[in-house]
Amino acid sequence: MSAFAVEDLTVGYGDGAPVIEGLGIDVAAGAVVALLGANGAGKTTLLRALAGLEPARSGRILLGGRDLTALSPEDRVRRGLALVPEGRGVVVELTVEENLRLGGLWRHRPRARRAAVEEMYALFPPLERRRDAAGHTLSGGERQMLALARALLARPEVLLLDEPSLGLAPQATAQLLGVLRDTAARTGLTVLLAEQNVTGALSVAQRGVVLSLGAVVADRPAAELAADPALRHAYLGF
Amino acid sequence: MDRFVFLISAGLARGAVLALFALSLVIVWRAARVVNFAQAAMAVTAVYAAFAVTAATGSYWAGLLTGLAAGALLGAAVERGLMRRLPAHAPLPGIIVAIGLVMMLQAGLAIAFGPEHRPMHPPFSERPFLIGGVPVLSPYDLFTLIAAAAVMGALALLFGRTSLGLQLRAAAFAPETSRLLGVRVPRMVTLGWALAVATAALAAMLLVPTELGLNPHAVDLLFVNAFAVAVIGGLDSPIGALLAGVGVGLLVSLVTGYASASAAPLAVLALLTLVLLVRPGGVFSAKEARTA
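These protein sequence lines are chains Y and X, in that order.
Residue numbers are given in the working numbering: position 122 of the first sequence equals residue 122, and the series is strictly consecutive.
Residue numbers are given in the working numbering: position 278 of the second sequence equals residue 278, and the series is strictly consecutive.
Hints may contain errors.
Facing chain X, from chain Y, some residues (calculated, C-beta under 7 Å) [as the list claims (entries may be wrong)]:
(1) Glu74
(2) Val91
(3) Leu102
(4) Gly103
(5) Leu105
(6) Trp106
Here are a few chain Y residues that sit away from chain X, every Cβ distance over 10 Å (derived from the structure) [as the list claims (entries may be wrong)]:
(7) Thr44
(8) Ala51
(9) Asp67
Beta-carbon label-pair distances, calculated as ranges [unchecked claim]:
(10) Y:Gly30 x X:Ile239: 29 to 37 Å
(11) X:Ile239 x Y:Ala17: 32 to 40 Å
(12) X:Met104 x Y:Ala29: 52 to 60 Å
(13) Y:Ala169 x X:Arg279: 36 to 44 Å
(14) Y:Pro126 x X:Arg279: 34 to 42 Å
(15) Y:Glu118 x X:Thr273: 49 to 57 Å
(16) Y:His136 x X:Ile96: 30 to 38 Å
Since the hints were made in silico from the structure, they are not lab data.
The beta-carbon is built from N, C-alpha and C at its ideal position, and this holds for glycine as well.
Using the sequences and the hints given, assemble the complete structure.
Next comes the structure, spelled out in structure tokens:
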């Protein structure tokens, strides 16, 4: 029984050749899957299409057996599919606290929402110290923490993460991925993690899926992928 | 000195109306990234609804509420029916459609109600209070100031303190991120238009009784000045609309009183030019403007 499935998905921009073509992935409930691939492999396009930000030309996106393909991004979130987008996920004009509240508005009643915000402060102590700071004053690491906390606040079933380590110091990356792994283990959250930082991603994932030119070229246990130099050379560039 | 006090108090009431109308332009700009050139025509249409209800019932207050509701409905209808269907990421189609809408609404009103000025009676006296023999605000000016302050206060509370306001702000600043957080952004844009046009309708209803009367073009000059105010204050800044509105209201009043009425538009234009030269984003604009 897979929590999350993509069937024969094709996505493209304008009239151009498809960026993703006939792609299929099954993700078991509670699994952490790394989505790997070089620049331009289609990772971001895939995640944006899953979240509903790019329309699918064909194919289906299933969550717990229900078809989400026809739904708008806001309705997919309400069904439990959350995306932390690359880079600018924080509304920089709002404060840390407002960003967090915004993430829980549809999910929680006011009292439960305050409790959920406090829970996130406990999980990410640096955010509590900056709770009244405007988003644009946050460092890159704090922004990424805030974006992750805000997504977790709504208790999604499936979390899509696009390059959370982008621009972060190694220590901040390790901390973020650690929180992610612990949360997934504790709550049964299913995670699809797109990363350039292959070593980091494979250290928290059980399974890795390698994309190249919009198609899946390898789908194996994380340990096996990490130990296969031929594959790394061919698709991951190191 | 007497004259100065009188001009200042008259300028305050005029400034409150200007600030309110400029605020309505700021709300649309923030919600939809469009300067709504049809705001005056839409507001005057709502005033005609208010006028009709007041004429039928004899109650100014029933007319006022009708005007607000008509403004909100018209704002929502124009966003849903017209603006939403335009191509995104290009400013020109919105401007052209808005100008077309101005022509249709104003011609439609002239056909339906005639082009003449219909007198609208204020609910309170326009005879100024005398304080120590000096004429200051009239009761109607006072009503205008209180109504404008109450509406601005209510909007500040709505945007700053409520969950709905948080969603309205987030949807305006970062639509895509907001959708990823489950905010129904299209609904927020419609709501922004409804709030804005209702606010513009209120400004128009406060203005018209102090002028010649109701006519399809009765709010045009208010729009021109309020647009200048919104640009001077910074199109993104509600506080800018408020302060620039009061400032321009005082300026117009003082120039009219000490120089001549025909010099007042030139003074506004000169101020606008100066602001555009020195601080093109507006006096109260944020340092870093968001483009996407």
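Now for the hints, and whether the structure bears them out:
1. Glu74: holds, 5 Å
2. Val91: holds, 5 Å
3. Leu102: holds, 5 Å
4. Gly103: holds, 5 Å
5. Leu105: holds, 6 Å
6. Trp106: holds, 4 Å
7. Thr44: holds, 13 Å
8. Ala51: violated, 6 Å
9. Asp67: holds, 19 Å
10. Y:Gly30 x X:Ile239: 29 to 37 Å: Because 49 Å falls outside the window, the suggested range is violated.
11. X:Ile239 x Y:Ala17: 32 to 40 Å: For Ile239 of chain X and Ala17 of chain Y the Cβ distance comes to about 49 Å; the hint is violated.
12. X:Met104 x Y:Ala29: 52 to 60 Å: holds, 56 Å
13. Y:Ala169 x X:Arg279: 36 to 44 Å: With a Cβ separation near 38 Å, Ala169 of chain Y and Arg279 of chain X satisfy 36 to 44 Å, so the hint holds.
14. Y:Pro126 x X:Arg279: 34 to 42 Å: Given range 34 to 42 Å: holds, Cβ gap about 36 Å.
15. Y:Glu118 x X:Thr273: 49 to 57 Å: Given a distance of about 52 Å, which is inside 49 to 57 Å, the answer is holds.
16. Y:His136 x X:Ile96: 30 to 38 Å: Between His136 of chain Y and Ile96 of chain X, where Cβ atoms are some 34 Å apart, the hint holds.
Hint compliance for this structure: hints 8, 10, 11 are broken, all remaining hints hold.
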